[in-house]
Amino acid sequence: MKPLNGIIVLDFSQYLSGPSAALRLADLGARVIKIERPKSGDSSRRMCLHNLKNDGDSVLFQTINRNKESFCANLKSEDDLKLVKDLIKKSDVVIENFRPGVMKKMGLGYTEVSRINPRIIYGSVTGYGKTGPLNKKPGQDLLVQSMSGLAWLNGNDGQPPMPFPLSVADSYAGVHLAEGILACVFRRFRTGKGGYVEVSLLESILDLQFEVITTYLNDGRKAPKRSKINNAHAYLSAPYGIYKTKDGYIALAMGSILELADIFNSDKLKKYSNKEEWFTKRDEIKAVISDILLSNTTNHWLEMLERNNYWCADVYSWDKLMNSDAFKELKLLINVKRPNCKDLITTRCPITFDDKIEQSQKWAPRLGENTQQIIDEFKLGGRA
Amino acid sequence: MKPLEGIKILDFSQFLSGPSAALRLADLGAKVIKVEKPEQGDLCRSMYISNCYIDKDSSLFQAINRNKDGISIDLKNKDSKNILFDIIKEVDVVIVNFRPGVAKKLGIDYSSIKDINPLVIYGEITGYGKTGPWKSKPGQDLLVQSLSGITYLNCNKDQPPMPLGLSVADLFSGQHLVQGILAGLIKRESFHEGSYIHVSLLESIMDIQFEVFTTYLNDGHKTPERSEINNANAYISAPYGIYKTADGYIALAMVSIPHLGELIGCNELLSYTDETKWSTNRDEIKKIIANHLVTQTTSHWLSLLEPADVWCADVLTWDKLFSTEGFKSLDMLQEVVTPYGTKFYTTRCPITIDSEHYKSSKSAPVLGQDNKTYIKER
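As given, the protein sequences belong to chains A and B, one line each in that order. According to the working numbering, the residues represented by the first sequence are 1 to 384, in order. According to the working numbering, the residues represented by the second sequence are 1 to 378, in order.
Worth flagging that the hints you see were computed from the coordinates, not collected in a lab. Note that beta-carbon positions come from the ideal geometry of N, C-alpha and C, so glycine has one too. Heads up, some of the hints might be wrong.
[Unchecked claim] Partial chain A-side listing against chain B, Cβ under 10 Å, derived: (1) LEU81; (2) ASN117; (3) HIS176; (4) LYS193; (5) GLU203; (6) PHE264; (7) MET304; (8) GLU306.
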């Protein structure tokens with residue numbers, strides 16, 4: 001049994017934030033039905049990375065929407081809306097990520113939906129909250145990152161603000177949405193009542209920064225200062241960062257500069273005996289370490305540092321990682337190809353229950369792939 | 001009613017990953033009892049971040065461990081183990097993030113705890129999984145990032161592999177653990193059984209990369225190519241990125257290149273009518289855009305692009321953001337008061353339930369502050 005077996009999720013959302021939350025719920029055992037508009041469906045069906053498509057839909061779409069069903073409905077048509085409302089009566093969770101007000105206009109806002117089904121858990125993702133002056137701004141990941149201060153933590157001092165190279169606002173908001181929904185599903189066992197869960201990309205990306213924002217707020221609101229060389233974390237002292245070696249790179253995490261001085265037998269580093277200076281002279285110390293590490297190979301340094309239990313690691317590309325036995329041991333890859341199509345390899349759910357690695361192979365649905373079957377199964381629109 | 005009211009959690013974890021999971025569960029209504037070793041406590045208490053302390057603990061520790069109770073117990077002492085077992089019988093959830101094998105040595109691994117409390121939800125975070133050649137490696141965020149390939153996605157092409165500027169592996173694995181634990185609680189209601197949940201920093205950081213890693217896996221394992229300028233995502237076509245203007249910066253997300261050219265008056269862009277070129281000639285196009293945008297102010301460009309519904313934004317510092325009405329209307333900050341009366345500010349739980357923001361002024365525990373409450377005289 002998977003934890004969410006028996007739970008039905010209707011997912012009206014598009015792109016990444018909402019659909020990635022629905023994906024997690026699906027992997028945890030829920031049955032997820034995507035509600036998509038006829039003809040075009042979820043806009044990310046056409047959104048390609050590297051122009052990569054497979055069987056008519058972008059690989060990106062198929063990555064995010066595996067393990068789901070697709071139900072086509074034109075929410076502006078009375079007939080279709082009635083079918084969807086019938087389906088809501090038989091569901092546990094609704095997810096949406098339209099701009100504020102759009103679901104309400106279609107008669108599918110939280111108030112209306114909870115009138116149809118008082119036990120429903122309704123989850124919304126917005127860009128910047130439901131109200132307030134930003135609520136009409138496009139809730140897009142890069143824009144939210146740019147407004148959140150995050151870009152000033154990444155890259156080296158002297159560079160422009162550098163965004164994180166992934167859609168972390170979308171991903172984190174999706175994670176938070178799944179948490180809120182799960183918490184309310186649990187509460188329903190106790191109270192019998194549904195719930196309304198709201199997250200926004202901006203709140204989620206601020207939460208991602210909560211440790212450093214807390215430091216900023218209580219430390220005289222000093223602007224974060226990225227390292228001039230090999231920045232890794234604007235708030236951590238030397239040696240934290242990735243350094244070039246003679247034949248590659250090496251990562252050094254937090255540790256004592258004096259220990260490092262001993263390991264390297266470096267008089268230059270020994271001078272920094274005052275712990276405070278590991279912050280105040282961070283970049284100067286990192287420059288000394290850079291010179292030392294450049295003089296020999298990654299393996300040489302790893303061996304020396306690991307022998308002394310100093311926190312360090314090689315720096316891998318995906319190619320190298322994939323070839324490592326450690327990666328193979330994780331059994332992270334699954335094949336979710338559609339019937340009679342090319343293989344589609346992706347990663348499984350990162351959460352493991354009772355040591356059983358679940359390798360769902362259910363593919364991302366073609367647009368409307370399950371419409372008729374769902375109408376029949378749930379007897380929607382009074383159909384026998 | 002907060003969703004997790006009545007749920008009790010015993011948290012043996014340290015640093016960020018496990019404790020941030022426990023923090024979320026606390027904000028959702030659970031009672032969290034943090035277990036620390038006497039004298040030193042969670043190593044994060046003394047972990048330096050920017051030399052900032054609140055009372056005697058680092059700002060980092062205070063941010064991560066607010067809204068929790070705390071007891072101190074020497075897990076290696078036999079008597080204290082009996083005390084602990086009394087508590088374990090009464091909790092719903094246990095969280096650990098030791099290196100593989102340590103929990104077993106201490107007698108608090110899943111099977112030991114399940115013997116005393118069969119319906120327990122046991123959540124464990126490791127660095128690289130419980131088996132395999134890396135299981136004994138230190139599960140530290142930067143090291144995991146470095147092994148995960150993510151550093152080759154970040155910053156510009158001419159730069160070394162650059163880690164992301166926050167502990168994202170810790171943060172995401174903490175939240176994945178929360179998801180697992182919440183699912184475990186649901187499973188207990190539905191099927192009347194406990195659960196053992198495991199996440200690892202490495203699996204979590206691969207999950208953050210799942211979109212682009214999947215592209216790589218299905219596109220002949222081509223090495224990702226960061227942009228030569230203003231990299232924002234190695235896989236997304238021009239103009240995606242943050243650009244310098246005459247007086248600041250502007251972020252541009254996805255938009256048709258000729259349309260952008262028309263709006264900002266850049267004729268060189270008009271000829272890029274073939275969409276596939278926005279990907280294959282990404283850097284060439286981004287350079288044209290960069291040269292053009294630097295000639296005028298951010299507000300000038302925003303005034304041309306926003307009315308046309310182009311996805312763009314100013315690039316703000318925290319100072320600027322926190323002074324906007326948009327930020328204030330989020331009501332995102334809260335005040336926390338320590339047992340010594342010191343006030344500090346932090347962000348609240350980002351999840352809003354039934355239109356309520358979950359805030360709590362309860363601070364992180366002073367080491368061992370609740371021993372009297374939880375450790376009964378024997």
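Each hint tested on the structure:
Look at LEU81(A): its Cβ only gets to about 25 Å from chain B, farther than 10 Å, so that hint breaks. Look at ASN117(A): its Cβ only gets to about 16 Å from chain B, farther than 10 Å, so that hint breaks. Look at HIS176(A): its Cβ gets to within about 5 Å of chain B, closer than 10 Å, so that hint holds up. Contact between LYS193(A) and chain B, as hinted, is supported at the beta carbon level, the nearest pair being about 9 Å apart and thus within 10 Å.
Among the interface hints, the one on GLU203(A) holds; its C-beta lies about 4 Å from the nearest C-beta in chain B, closer than the 10 Å criterion. For PHE264(A), the suggested interface contact is broken, since its CB lies about 19 Å from the closest CB of chain B, more than 10 Å. At its closest, the beta carbon of MET304(A) sits 16 Å from a beta carbon of chain B; the interface hint therefore is violated under the 10 Å criterion. Look at GLU306(A): its Cβ gets to within about 9 Å of chain B, closer than 10 Å, so that hint holds up.
Against the hints set out earlier in the document, violations occur for numbers 1, 2, 6 and 7.
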